[in-house]
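Student: With chain Z's structure known, arrange chain G with the ligand on it following the hints.
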Amino acid sequence: MSILENKIREYRHLFEEHSSKIKEKREVEELRQLFFGRKKGLLTLLFEELKTLPPEEKKAAGRALNEFKEEIQQQLVQLELKAKTVRPQEKIAEDLTLPGWKPYWGAPHPLTLFQLAIEKIFVSMGFTVEDGPEIETDYYNFEALNFPPHHPARDSWDTLYINDKLLLRTHTSPVQIRVMEKKKPPIRIIIPGKVFRRETADPTHLPMFYQVEGLVVDRGITFAHLKGTLEYFIKALFGEKIKLRFRPSFFPFTEPSAEVDIECIVCHGQDPACRVCGGSGWKEILGAGMVDPQVFKNVNIDPEKYSGWAFGLGIDRTAMFAYQIPEIRYFYENDLRFLRQFNRK
Amino acid sequence: MKISYDWLKEFIDLTITPRQLAEYLNQIGLMVESVEEIEGDTIYDIETYANRPDTLGHLGVAREIAALLGIPLKIQNWPLTEIDQPTSDFIDIQVMDSHLCPRYCGLVVKGVKVGPSPDWLKKRIEAVGLRSINNVVDISNYVCFALGQPIHTFDLNKIRGSRIIVRKAFKDETIRTLEGSLIKLESEMLVIADESRPVAIAGIIGGEDSGITEETRDIFIESANFDPVSIRLTAKKLGLSTEASYRFERNVDINSAPQAAIMAASLLNRFGGRAARGLLDIYPNQKKSRTVTLRLQRIAELLGVEIPADFVVRTLNGLGLKLKEQKENVWIAEIPSFRVDLEREADLIEEVARFYGYDRIPSEVTPVKHFELPSDFKKEKIWSLKEVLFHHGFNEVINFSFADPEKESLWQTGHQAIHLQNPISSRASILRTSLLPGLVENTVWNFNREAEGVHIFETGKIYFWDEEESPREILNLGILTSGIWPSPAWNEPGKETDFFILKGVVEDLIIYLGLDSLSFEPGDHPFFEPGQALKILLKNDLIGYLGRLKSDIIGAYELEKPAFGAEIYLEELLEKQPKPFVFKPIPKFPRVSRDLSFLVEEGLSYQELWKQLQKLNVPNLESFVVYDRFKGESLPPGKISFSVRFFFRHQSRTLQTEEVDQLMQDIISQLKTFVKIQLR
Ligand SMILES: [Zn+2]
Numbered sequence: 001m002s003i004l005e006n007k008i009r010e011y012r013h014l015f016e017e018h019s020s021k022i023k024e025k026r027e028v029e030e031l032r033q034l035f036f037g038r039k040k041g042l043l044t045l046l047f048e049e050l051k052t053l054p055p056e057e058k059k060a061a062g063r064a065l066n067e068f069k070e071e072i073q074q075q076l077v078q079l080e081l082k083a084k085t086v087r088p089q090e091k092i093a094e095d096l097t098l099p100g101w102k103p104y105w106g107a108p109h110p111l112t113l114f115q116l117a118i119e120k121i122f123v124s125m126g127f128t129v130e131d132g133p134e135i136e137t138d139y140y141n142f143e144a145l146n147f148p149p150h151h152p153a154r155d156s157w158d159t160l161y162i163n164d165k166l167l168l169r170t171h172t173s174p175v176q177i178r179v180m181e182k183k184k185p186p187i188r189i190i191i192p193g194k195v196f197r198r199e200t201a202d203p204t205h206l207p208m209f210y211q212v213e214g215l216v217v218d219r220g221i222t223f224a225h226l227k228g229t230l231e232y233f234i235k236a237l238f239g240e241k242i243k244l245r246f247r248p249s250f251f252p253f254t255e256p257s258a259e260v261d262i263e264c265i266v267c268h269g270q271d272p273a274c275r276v277c278g279g280s281g282w283k284e285i286l287g288a289g290m291v292d293p294q295v296f297k298n299v300n301i302d303p304e305k306y307s308g309w310a311f312g313l314g315i316d317r318t319a320m321f322a323y324q325i326p327e328i329r330y331f332y333e334n335d336l337r338f339l340r341q342f343n344r345k
Numbered sequence: 001m002k003i004s005y006d007w008l009k010e011f012i013d014l015t016i017t018p019r020q021l022a023e024y025l026n027q028i029g030l031m032v033e034s035v036e037e038i039e040g041d042t043i044y045d046i047e048t049y050a051n052r053p054d055t056l057g058h059l060g061v062a063r064e065i066a067a068l069l070g071i072p073l074k075i076q077n078w079p080l081t082e083i084d085q086p087t088s089d090f091i092d093i094q095v096m097d098s099h100l101c102p103r104y105c106g107l108v109v110k111g112v113k114v115g116p117s118p119d120w121l122k123k124r125i126e127a128v129g130l131r132s133i134n135n136v137v138d139i140s141n142y143v144c145f146a147l148g149q150p151i152h153t154f155d156l157n158k159i160r161g162s163r164i165i166v167r168k169a170f171k172d173e174t175i176r177t178l179e180g181s182l183i184k185l186e187s188e189m190l191v192i193a194d195e196s197r198p199v200a201i202a203g204i205i206g207g208e209d210s211g212i213t214e215e216t217r218d219i220f221i222e223s224a225n226f227d228p229v230s231i232r233l234t235a236k237k238l239g240l241s242t243e244a245s246y247r248f249e250r251n252v253d254i255n256s257a258p259q260a261a262i263m264a265a266s267l268l269n270r271f272g273g274r275a276a277r278g279l280l281d282i283y284p285n286q287k288k289s290r291t292v293t294l295r296l297q298r299i300a301e302l303l304g305v306e307i308p309a310d311f312v313v314r315t316l317n318g319l320g321l322k323l324k325e326q327k328e329n330v331w332i333a334e335i336p337s338f339r340v341d342l343e344r345e346a347d348l349i350e351e352v353a354r355f356y357g358y359d360r361i362p363s364e365v366t367p368v369k370h371f372e373l374p375s376d377f378k379k380e381k382i383w384s385l386k387e388v389l390f391h392h393g394f395n396e397v398i399n400f401s402f403a404d405p406e407k408e409s410l411w412q413t414g415h416q417a418i419h420l421q422n423p424i425s426s427r428a429s430i431l432r433t434s435l436l437p438g439l440v441e442n443t444v445w446n447f448n449r450e451a452e453g454v455h456i457f458e459t460g461k462i463y464f465w466d467e468e469e470s471p472r473e474i475l476n477l478g479i480l481t482s483g484i485w486p487s488p489a490w491n492e493p494g495k496e497t498d499f500f501i502l503k504g505v506v507e508d509l510i511i512y513l514g515l516d517s518l519s520f521e522p523g524d525h526p527f528f529e530p531g532q533a534l535k536i537l538l539k540n541d542l543i544g545y546l547g548r549l550k551s552d553i554i555g556a557y558e559l560e561k562p563a564f565g566a567e568i569y570l571e572e573l574l575e576k577q578p579k580p581f582v583f584k585p586i587p588k589f590p591r592v593s594r595d596l597s598f599l600v601e602e603g604l605s606y607q608e609l610w611k612q613l614q615k616l617n618v619p620n621l622e623s624f625v626v627y628d629r630f631k632g633e634s635l636p637p638g639k640i641s642f643s644v645r646f647f648f649r650h651q652s653r654t655l656q657t658e659e660v661d662q663l664m665q666d667i668i669s670q671l672k673t674f675v676k677i678q679l680r
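Sequence lines, in order, name chains Z and G. The first sequence runs contiguously to residue 345 in the working numbering. The second sequence runs contiguously to residue 680 in the working numbering.
Isolated chain Z, as found in the complex (with noise of 0.2 Å):
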C-alpha cells in the first residue's frame, strides 16, 4: 500500500472523528475547510503530493484520492443537512416576567396633545387650521375687531406692548380679520395660538397661554349652527353625556354674545365649596357669537349677504379642567416628572 493511500486512511479516521461530533452548520464549514482549504487543506496537499507521484503509481491512487474526495463530499452535504435540523442551545429566562427592553421614549406637552384633541375635531368637521402673527398691531388685534380706541371693553385684553403701533397679540381673534382680508367666505376655520396678556401671576392666569379661535362664514349662518356645533365640538372632547348651557354675554366683535359653560366634572354641582365651580355646578369654557356686522364691514364683506359665527377658547384652562390641574403654571415650568404623565390620549 502506498503512502498516499495510507494517509487517505487516515484521513477517513479523521473525518469520521470530526463528523460524529458535528451539531452546528458553522462545524461543517470548519471541516470542509479543514479537507478542500484552498492553500492547507488536507485533501488539497493530497492532490499536490499526487502529481509527484511516478506514473505507474498515480493512476491507482488518483483514483483512491478522487473516490475519497468523492466519499466526503458527499458526507459533508448529509451532515450539513443534518446540521441543519440541529438548533443551536437557546437562552431560555429562567423569569418571564423580568421587565423587557424598553427604549427610553419623550413625551408630548400636555398643551399639545390637547390642542391636537381639538384641532382632529374640527377637521373632521371640514375646518382647516390657519395660524398668523403673534406681534401685532392695534389695528388688527382691536380696532378692526370693533374694539373702538381708548373703550373699557380693552380693558379685559391687558396688553403687552412694543411700541405705540406694536403689541402681543392678546387673542387669537386677529386672524379671522387677517383671513377675511385675504379670503372671500365660505370660510371655516380654527386658530390656535399662543395669546399674551400683562397679567399677574396667579393660579388660574400667566402672561403667555394658549387659545383657540374658530370662524365659520357663509350665507345663511344661523346661532342655531353655532350651537350645534360647539355642542357637537364639547361632547367630542367631554363625552357624550356632559350638560352645557349657553348663556348671553358680551365681546365687541360678536353680536348676538354667549359664554358656554359646561356641567362641573368634578362635584357636578354637588359641593357648595367646590374649588372648580365654586360651588356653582358650571365652568365657563368659552366665549362665542354671530361675528358682528362692523366686523365684516371692516374687511368688505357684506353683512346683508353674509353672516357668521365665531368662538374662542382658552387652552390651558380647558386642559386643567380636564385633566383637574390646579394651576396654570405646571404648564410652563416643564417639570418632566409633570410632563411625561400625559403620554395617553
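Accuracy of the hints is not assured; some may be wrong.
Straight-line alpha carbon distances no greater than 27 Å define the calculated DSSO-like cross-link-like pairs of lysine-lysine that follow [to be verified]:
no., chain 1, residue 1, chain 2, residue 2
1, G, K324, Z, K305
2, Z, K182, G, K615
3, G, K615, Z, K183
4, G, K324, Z, K183
5, Z, K184, G, K378
6, Z, K183, G, K378
7, G, K615, G, K579
8, Z, K51, Z, K7
Don't read these hints as lab results, they were simulated from the structure. Computed from a predicted structure; not experimentally measured.
Tutor: Relative to the frame of chain Z, chain G with the ligand by itself:
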C-alpha cells in the same frame, strides 16, 4: 357689580324667590358670580359688560327683570322741600367745554345736618360693598348705585366766588383729592373749578378742601355727564379708578343727570336740608334719540329660529324701546337714551335672543358645501418631526416667549431683541431671540428635582428686529440633552449622553422630511465650545447649529454637567420641498458585498470620505457603508484606517465573482484619484 334683592324691590314688585332671580339673571346674561345672604337680604355679585353702563345701577337691573317677567317698573317719587330762593342766587355754573361736559345739572340744598346714616341707608351702602361714611356721602353713593349716575356733593361755602366753572386744567395746576393725595393736572384734563382753583377732577374724584365735613351745612349737588374717552384717558393717566370714573368711561345715560340731582336733594331733605328753587341744567346740544330698523325676517335669518312678532314687540317695549311698525313685520325702534349699546339691528336681535332664551334656540349642524385642502402641510410636518423626537427620547417643553435681557446677552444670539414697553418684570422684558436659554433653564430646574438626565425640545417662535427695523418672528426648533441617557434594559445602568445622541436625531429629522442634501460643516458659534460645533446645511443653506454648549454660558445658569444643544430654523426647513415620493422596485437578483479597508491621512473626515465615495462611477455599485474608523499604534503615524463595505447588484442577472473582483479594482483605482489611500 353687587345687586341687592331688597333694593331691587324698590323698583319692581318681586314675587319670585332670590334663587329664581339668580336663574333669571343668568338667562339674560347678567351672570351671577356669587350669592351672599346678609341680614335677610340676598346680594348677587353679577358680571356686567363694558357696553352696558345701565346695569351699573339697581334701576337698570330691575328694568331687565321687569321686561323678562312682563311687569311694570314702579314709579318713584322724589318730592322736594324748597326754599323760596332760586338756585342761581347761590351758585353760577359755567361750562367752558360742552364736548367734554355735554350736560351739567346743579342743585343747592341748605341746612343739612351732617351725621351718621340711618340704618336703612347704611344697609344699602354696605350691600353694594361700600363703607358707610356719613349721611351726605352715603346719599351720593346711594344715588349712584340706584340709578347708575354718579353725583358729587360739595360744601357750598367752600366754593370760592360761588362759581362753578367746568374747564380744562391749567398747566401745572394741582389738586389735593378726597383721598388725600396731591395730583398734578395736565392741560387736557377736565376739572370742576371755582373762581380760583380746581375743586374736583371732573367725573373722577372731588377735592379735599371743598368736600363735605361735619361742619358742612349747605351743599351743592353736581349731577353731570362727561365724555367717556376724556374721563378714561385722565383716569388712566392719573392711575385712578373710582365708582364715578368707572361709570362715566362706559357712557352714562345723558338723561339721568336731572333725576339723580333731585333724588339726592330729596334724600337730603330727610336730614333737615331744604332745596333752592329750580334745578340748574346746562344742556346746550340736546341729543336726539336714535332709531334702528328691525326686520322680523332678519331675526330668523340670524338666530335660526322663527320668533313670533308679538314676542319681539313685547320684549323690546319692556326694555324701554318704542316700536313703530313701518310695514308688516318691520319696525322702526326708538332707542331710549340709557341704552347706549343699541345702535344696529344686530344689537336688537341680541336683545330678542336674550329674552327669548338661548336655550330655546335649536342646535343645528353648520352646513358645509365644500372641503378645503390645507394651504400647506406645515402643521402636519411639525407633528411628524415631533414624533421623530419622541421616538428618539426627547420630551416636549413649552417656555414663555419672554426673556431676561441680562441672561440673554450671555448668548450673543446676534439678533436685535424686541423690548416690551410695559413688561410685567424687568426679568421678562424682552422677547426671546433663541430657544436654547429656555431649554437650559428647564434642564437646571429638572436636575434640581430628581432628574438624572434631561432630554428635551421645544418648537416655538423667536423674535427680533430685522435690518429694516421691522419685527420678525420665526419658528425654531431647539433640542437639548444633558446627563444620563436611560438604558432600555432594566438591569443595566444608563450612560452619559453625548454629542452623537443629539446628532442622530438631527439627521433623522432631515431624513424624515425626505430631504437628502444634508451636510455638516465645522463652524464656531457663540453658543458652543470652540471646535465642538457643527453647522447644519441643506445644500448651501444654513438651517441651524449643534454642539456642546459653552460651559461659561450654562455655568451662569448653574448647569455644571455637559449639555449638547441644537437650534434649527424650522420655518426654513419646512419650506424645503422633498422630491415627490415614488417607491423603488424590490430587486430580483442577489447582491454581492465586498469589504475594503484602507489608510488615509488623519485629517480626512468621515463626511469628506463619504463625499468622495459618492463620486465613484462604477457600474452595478448599488450602495456602500462606512463601517469602521480606526486609529491606533498598529498604524503608521498620522494615518487612520477606514473600512467600507460595497454592495453590488445587477438588475437582470446574478453577478459573477470575477466581475465583482474587477469592479473592486475599478473602485480602488478611482478612489486613488480622489483621495490618497493606502490599502491595508
Ligand atoms: Zn364643582
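Student: Which numbered conditions among the earlier hints are violated in the structure presented, ordered from lowest to highest?
Tutor: 2, 3, 4
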